[in-house]
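Q: Chain by chain, the residues run as shown.
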Amino acid sequence: MTAAEAVAGILDGATVMLSGFAGAGFSNQLVAALRDLGPRNLTLVVNSATHRLSNTHELIAAGMVRKVICSAARGHDKSGLSAFEQLYKDGKIELEVLPQGTFVESIRAGGAGIPAYFTPTGFGTDLAAGKETRRFGERDYVLEAAITGDAALIRADVADRWGNLTFRHAQQNFGPAMATASKLVVAEVRAFSEVPIPPEQVQLSGVFVDRIYVAGDGA
Amino acid sequence: MTAAEAVAGILDGATVMLSGFAGAGFSNQLVAALRDLGPRNLTLVVNSATHRLSNTHELIAAGMVRKVICSAARGHDKSGLSAFEQLYKDGKIELEVLPQGTFVESIRAGGAGIPAYFTPTGFGTDLAAGKETRRFGERDYVLEAAITGDAALIRADVADRWGNLTFRHAQQNFGPAMATASKLVVAEVRAFSEVPIPPEQVQLSGVFVDRIYVAGDGA
Amino acid sequence: MKPLNRLQMAWRAGQDVEDGTVVNLGLGMPVNVSDYVPADFDVVVQSENGIIGVGPLASANASDADLVDAGSRRVTLRAGATVIDSANSFAMIRGGHIDVTILGAFEVAANGDLANWDNRIPDKGPLVGGAMDLAASAQAVWVLMEHNTRKGGPRLLEACTLPLTAVRCVKRIYTDIAVLSVTAGGFLVHQILPGISRDELQQRTGAKLTFAPDCGDLVAPEIALPEA
Amino acid sequence: MKPLNRLQMAWRAGQDVEDGTVVNLGLGMPVNVSDYVPADFDVVVQSENGIIGVGPLASANASDADLVDAGSRRVTLRAGATVIDSANSFAMIRGGHIDVTILGAFEVAANGDLANWDNRIPDKGPLVGGAMDLAASAQAVWVLMEHNTRKGGPRLLEACTLPLTAVRCVKRIYTDIAVLSVTAGGFLVHQILPGISRDELQQRTGAKLTFAPDCGDLVAPEIALPEA
Chain A
3 MTAAEAVAGI LDGATVMLSG FAGAGFSNQL VAALRDLGPR NLTLVVNSAT HRLSNTHELI
63 AAGMVRKVIC SAARGHDKSG LSAFEQLYKD GKIELEVLPQ GTFVESIRAG GAGIPAYFTP
123 TGFGTDLAAG KETRRFGERD YVLEAAITGD AALIRADVAD RWGNLTFRHA QQNFGPAMAT
183 ASKLVVAEVR AFSEVPIPPE QVQLSGVFVD RIYVAGDGA
Chain B
3 MTAAEAVAGI LDGATVMLSG FAGAGFSNQL VAALRDLGPR NLTLVVNSAT HRLSNTHELI
63 AAGMVRKVIC SAARGHDKSG LSAFEQLYKD GKIELEVLPQ GTFVESIRAG GAGIPAYFTP
123 TGFGTDLAAG KETRRFGERD YVLEAAITGD AALIRADVAD RWGNLTFRHA QQNFGPAMAT
183 ASKLVVAEVR AFSEVPIPPE QVQLSGVFVD RIYVAGDGA
Chain C
121 MKPLNRLQMA WRAGQDVEDG TVVNLGLGMP VNVSDYVPAD FDVVVQSENG IIGVGPLASA
181 NASDADLVDA GSRRVTLRAG ATVIDSANSF AMIRGGHIDV TILGAFEVAA NGDLANWDNR
241 IPDKGPLVGG AMDLAASAQA VWVLMEHNTR KGGPRLLEAC TLPLTAVRCV KRIYTDIAVL
301 SVTAGGFLVH QILPGISRDE LQQRTGAKLT FAPDCGDLVA PEIALPEA
Chain D
121 MKPLNRLQMA WRAGQDVEDG TVVNLGLGMP VNVSDYVPAD FDVVVQSENG IIGVGPLASA
181 NASDADLVDA GSRRVTLRAG ATVIDSANSF AMIRGGHIDV TILGAFEVAA NGDLANWDNR
241 IPDKGPLVGG AMDLAASAQA VWVLMEHNTR KGGPRLLEAC TLPLTAVRCV KRIYTDIAVL
301 SVTAGGFLVH QILPGISRDE LQQRTGAKLT FAPDCGDLVA PEIALPEA
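Line order of the protein sequences matches chains A, B, C and D.
Quick note, in the numbering used here, the first sequence goes up one by one and the last residue is 221.
Quick note, in the numbering used here, the second sequence goes up one by one and the last residue is 221.
Quick note, in the numbering used here, the third sequence goes up one by one and the last residue is 348.
Quick note, in the numbering used here, the fourth sequence goes up one by one and the last residue is 348.
FYI, nobody ran anything at the bench for these hints, they're computed from the structure.
Using N, Cα and C, we set each Cβ at its ideal position, and we do this for glycine too.
Do not take every clue at face value.
No more than 30 Å apart at the CA atoms, straight line, and that leaves these computed lysine-lysine pairs for BS3-like [claimed, not checked]: (1) D/Lys-271 with A/Lys-133; (2) A/Lys-69 with D/Lys-244; (3) D/Lys-291 with B/Lys-185; (4) D/Lys-244 with A/Lys-91; (5) C/Lys-244 with B/Lys-91; (6) B/Lys-69 with C/Lys-244; (7) C/Lys-291 with B/Lys-133; (8) B/Lys-133 with C/Lys-244; (9) B/Lys-94 with C/Lys-244; (10) D/Lys-328 with D/Lys-244.
Which residues of chain A face chain C? A few of them, derived with a C-beta cut under 10 Å, are [as the list claims (entries may be wrong)]: (11) His-78; (12) Val-160; (13) Asp-162; (14) Ala-193.
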């Protein structure tokens, strides 16, 4: 399967989840293929809208993105604004910023059939403004809603014929949760195995994975 | 550490979580030590109050248990009532029955700082009677509360010096979630390793494990 | 023609399991369904204790007390299987990742309400297990049950009389004498055991039946029950 | 005596890290704290991208792009380490399993309110990351920050002026000139840099200070900053 085939069918208006954090686990070849495919009005669910090691910004710079749900949206270029920041300044892109733990718990909830949950994170801050709150015991909590996606593009290490995945070190980050929360799950991997990954080494069951793109070492 | 030492300090009135399901993952030697220790007025959080392969019923028969939170409380003895059922019939033990997925999600929530969450499970049934409900989109959901414990007695396969655990097959069941949700976590294991379990083989981080009892193959 | 026995009912449901699906099979009759899915199908049997990819029952000398399904049966893992913990297993179930769950039942209502647990057995403690999660969140809930109670009363009803497991969830019902689906208009009959008339089926059912235009014969191969 | 430099501040906080604890260290100054924890201590450094047991920075020829901490630094794993996914990592954080998180900050209020993210930089997008989760749920939140802004204004205030990260969460503050804790009665000073009087410290602070009965000198060994 080519990268283009792997992302085929992602439509205008889709909500697309992208894994990766701190330089590990970006599905950059799939993101490049998505840019070439060119759907518009996307909502991206990605931890950082602006990470310099991810291709996310290319989707944004290409004008394909209507909204970003993330925990970080600050460009690293001190000499100017990132593509995201320029669009944000111009009011041409919508932004929903969540605390990182809420970001990933909402994705986990989306994949786990939980429509909403209470969390202590963010209570009393601007990020909880307008959100329902409730006191349980001695603490106050914020009600947060699940996040689901039409597609997730995640990066892993090895995939087997059954779609089972392993991840290297911190590569997993948001990938497993995103895979549970999206309708179409595409894994970009280093290597493919015809023999099954041993049961105790599988880190994400193939039940959650729809397509595999073997990218090799490049990311 | 002896089994008695491993359960030392579990007090009258404690909420104790016990792992195990379908014959796998019962921490039976720790449960026997807890029976010998003899704290009273316990609340047990255990999937089955009556599983014939677990020692849970011995705690109940010994009159140590005030309340059971579980998803199954039916004895297997067709010729008579289990210890639990007799006490239940006599109104001498309190029972909270939860759907199994709610049972374990509430424990997971307890360990993950989520005080309450909405679930579709149980809506419109007797088990949701009196519980808050809410509609999200096209479906109705029940608000369920987190469960936490004072102690968890779980069974695993290997522990290393750092408290990291591996599990064999279906042995894990409720153990990992219970370990996150309890103050004192005791693992009964088959074997102990002085060298670290390789990072990618660890199934529960030692951060969650306080004490290790090496039981060998016996369960 | 004799009503289908329990294994024939499992066989019949197995004919409708599609390639590439994830199924969860309830205790009792339903666990037998996997024996009747075509061998070349890539069907993942999930068991709610965390096994993703249950294989055949373990042979006596290869059985492992830690490798059990939710029904405490000693099983094997099929190729490509893995095992997760209960929290993740029910997250998978609740999140809609099970394509079909096949459950036993006491009663099904014409609106799809399911009653398959009972806390009214005198003195006996309640037993709910994972049925409510499965019934509420699988993409499709199929029921495998005798058409009538031992006393001859109907199990397919306008409204359930026993405690509900989940509301409006059942899509198909495989009984010993008929195959039905639950539609917005109530029960729709797809197959009837030869020798049973539409009137007789209606008489043995506690809710109004509609018959599909292509309603046909319910036939199954001979399958002997194991000796008790 | 000169105010503590950034590494001396990290050293000072490191003296209070207890054996057997799980700590999470924020970006910037706090990540250096682990360099100053006694080598024989069993301290687990958790990084919110899922590393449980961060070891020293990787050497250039042994670095691995997939083995990074939340600050994108290429690190190693200490003995007994493991790596989990972000959902589980934040479940660990939110569930109170981090004993101490040491964070940088812009402002701390006398009631423990913390402001350490800012969405008001002109045109720049907001950046919150995991700070809100850590601040809300770690068993103890310690702050490592300069006592005053570059313009000389106070960072310890009666009430924060910048957007809050979490309410009533900070327990201790390590600045370049003092060590303080947050009590029901506001800021309590435990150590002051020799040469700074109590009056001067009060003048450089935007909230009323109380001094602990055993309030002593803040002294740190010489630690050279790396060349920029």
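Q: Each hint should be assessed against the structure and marked as holding or not.
A: Now for the hints, and whether the structure bears them out:
1. For the suggested pair D/Lys-271 and A/Lys-133, the alpha carbons sit about 36 Å apart, so the restraint of at most 30 Å is broken.
2. Pair hint A/Lys-69 plus D/Lys-244 holds up; C-alpha atoms about 16 Å apart against a cutoff of 30 Å.
3. This hinted pair checks out: D/Lys-291 and B/Lys-185 have alpha carbons roughly 22 Å apart, not beyond 30 Å.
4. Between the alpha carbons of D/Lys-244 and A/Lys-91 the distance comes to roughly 8 Å, so the proposed pair stays at or under 30 Å and holds.
5. About 8 Å separates the Cα atoms of C/Lys-244 and B/Lys-91, which keeps this hinted pair within 30 Å; it holds.
6. Between B/Lys-69 and C/Lys-244, the direct Cα distance comes to roughly 16 Å. Compliance with the 30 Å bound is thereby established for this hinted pair.
7. Annotation: proposed proximity of C/Lys-291 to B/Lys-133 holds, straight-line Cα distance about 27 Å (limit 30 Å).
8. Taking the CA atoms of B/Lys-133 and C/Lys-244, the gap is about 24 Å. The hint holds against a cut of 30 Å.
9. Proposed proximity of B/Lys-94 and C/Lys-244 is supported: the alpha carbons are some 15 Å apart, at most 30 Å.
10. Only pairs whose Cα atoms come within 30 Å are accepted, and D/Lys-328 paired with D/Lys-244 is rejected, the gap being roughly 34 Å.
11. Evaluation of the A/His-78 hint against chain C yields a violated restraint, the C-beta minimum of about 35 Å exceeding 10 Å.
12. Residue-level restraint check for A/Val-160 is violated (minimum Cβ-Cβ distance to chain C is 13 Å; threshold 10 Å).
13. The interface hint given for A/Asp-162 is met, as the beta carbon of that residue sits about 6 Å from the closest beta carbon of chain C, less than 10 Å.
14. For A/Ala-193, the interface hint is violated, since its Cβ never comes within 10 Å of a Cβ in chain C; the closest pair sits about 16 Å apart.
Checked against the numbered hints above, the structure breaks hints 1, 10, 11, 12 and 14 and satisfies the rest.
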